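Chain F is fixed; fit chain A onto it per the hints.
So the sequence lines, in the order shown, correspond to chains F and A.
Per the working numbering, the very first residue in the first sequence carries number 1; after that it's consecutive.
Per the working numbering, the very first residue in the second sequence carries number 1; after that it's consecutive.
Hints listed in this document are in silico derivations from the structure and should not be mistaken for laboratory results.
Errors might be hidden in some of the hints.
Have a look at the derived ranges for each label pair, beta carbon to beta carbon [as the list claims (entries may be wrong)]:
1. F/SER74 x A/PRO200: 51 to 57 angstroms
2. F/LYS4 x A/GLN115: 38 to 44 angstroms
3. A/THR30 x F/ASP33: 31 to 37 angstroms
4. A/HIS191 x F/LYS203: 50 to 56 angstroms
5. A/LYS150 x F/SER172: 15 to 21 angstroms
6. F/GLU131 x A/ARG71: 32 to 38 angstroms
7. F/SER68 x A/GLU121: 44 to 50 angstroms
Predicted, not measured: the structure shown is a model, and the values here were computed from it.
Glycine included, every Cβ here is placed at the ideal spot set by N, Cα and C.
Protein chains: 2
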Amino acid sequence: MEDKTFNKTKLNTVKRIPKRGSYDKPTIYTILDSHYLCHISWEDAGQPYIIPTAFGRVEDKLYIHGSSKSRMLSMLMDGRPMCLVVTHLDALVLARSVFHHSMNYRSAVIYGHAQKVEGEEKMEALRVITEQIIPGRWDEARLPNAIEMKATMVLSIEIDTASAKIRTGPPSDDTQDYDLPIWAGLVPVIHGYEDPIPDPGMKISQPVAQSAIEKVKKYQ
Amino acid sequence: MEDKTFNKTKLNTVKRIPKRGSYDKPTIYTILDSHYLCHISWEDAGQPYIIPTAFGRVEDKLYIHGSSKSRMLSMLMDGRPMCLVVTHLDALVLARSVFHHSMNYRSAVIYGHAQKVEGEEKMEALRVITEQIIPGRWDEARLPNAIEMKATMVLSIEIDTASAKIRTGPPSDDTQDYDLPIWAGLVPVIHGYEDPIPDPGMKISQPVAQSAIEKVKKYQ
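In isolation and in its complexed conformation, chain F is listed as follows (with noise of 0.2 angstroms):
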């Protein structure tokens, strides 16, 4: 049986406004697919970190990679606790108070351990990860060769529990604020992708790559 919910344990449950909280793989993997950066967290003889890098996701696995000399890498090979957050931000809130003052967002924490992928998985794991970022790309590149395979460093991240957090909606002010002469309403923040921009460095003349006309038009 494939649970479609992450238990609600200590470390997961959304203290702060609870009604804003989801634990269903559904929602937390739409917005965890909605975007390729996350913030990973870790600790190191009591010192938190964190670093932002690319991520993809299969089924209920993630992966990142990087240089097999990575610092963060190489600390979270050992399997120890990890935290991973992917945020989105979509409107600034403007309320009559300050104190209502918000922002709409959907944001999926994830708390799992990481283990050192090889083999046909590791390839696997960077078409993943690339394709995330931007789909069609792994098949106009030059491919990962031995030398580059070695030089990089794949993990895979057991989800141990997760959360979302998400905000929508206009503000939410205090009945009797409603009657201030002061504007309300949101102000919607909009990601997206400007025109390719060719190197410089092309000896070849190339008609711009499909994978990034979709990438521009898709935000468009």
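Same frame as chain F, but now just chain A:
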């Protein structure tokens, strides 16, 4: 004497691709000031956590805020080591080889300690955070009353050390790959705001707030 540079220590030294690292305050503070959303990590009993949250900066001090009941704030206020990162994604970097794909970005990582803010500084910190998110809004909205101030916790973060990491420019491929018939270049990322959406709950018709108009204009 005011130091303009953070000391390079084991903690903040950029190890992977050191030429992308920077330790001077103007560079780091410009990255901080270009945003209002950060990710904060801390650890409790060996478990790392991350939360996205708003922040504001005044000179060498950062402010964050939240509910008086916030789990994050109540943990951080004991002064445990914490890490705060601000990340700007500027472009996808499409190289000829998968291996040299990258992103153009500017990130600032702050290592510090938090403490609770009270009294006049608390109200000023809330102004700083609000103005970092949307300049001009503090003077338009109803300011916090005593009950709201009590329900709000503000922490100041003293920066122990920090670093920035920046990538700019076109892809950088292996020499022989420049002869491949593969398009390479940048797909620039846009961040911006769309026209403000008035709260449907407005009782009194109001012109759109000047702060919202300016926010949208700045990114057009």
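Hints, verified against the model:
At roughly 52 angstroms, the beta-carbon separation of F/SER74 and A/PRO200 lies within the given 51 to 57 angstroms, and the hint holds. Separated by about 43 angstroms at the C-beta atoms, F/LYS4 and A/GLN115 satisfy the suggested range of 38 to 44 angstroms. In this structure the supplied range 31 to 37 angstroms holds for A/THR30 paired with F/ASP33, their Cβ-Cβ distance being about 32 angstroms. For the pair A/HIS191 and F/LYS203, the supplied restraint of 50 to 56 angstroms is violated, since their beta-carbon distance comes to about 33 angstroms.
Between A/LYS150 and F/SER172 the beta carbons are some 19 angstroms apart, a value that agrees with the proposed interval 15 to 21 angstroms. Our hint of 32 to 38 angstroms for F/GLU131 and A/ARG71 holds, since their Cβ atoms are close to 36 angstroms apart. Take F/SER68 and A/GLU121: their Cβ atoms lie about 47 angstroms apart, and the range 44 to 50 angstroms holds.
Of the hints listed earlier, the one the structure fails to meet is number 4.
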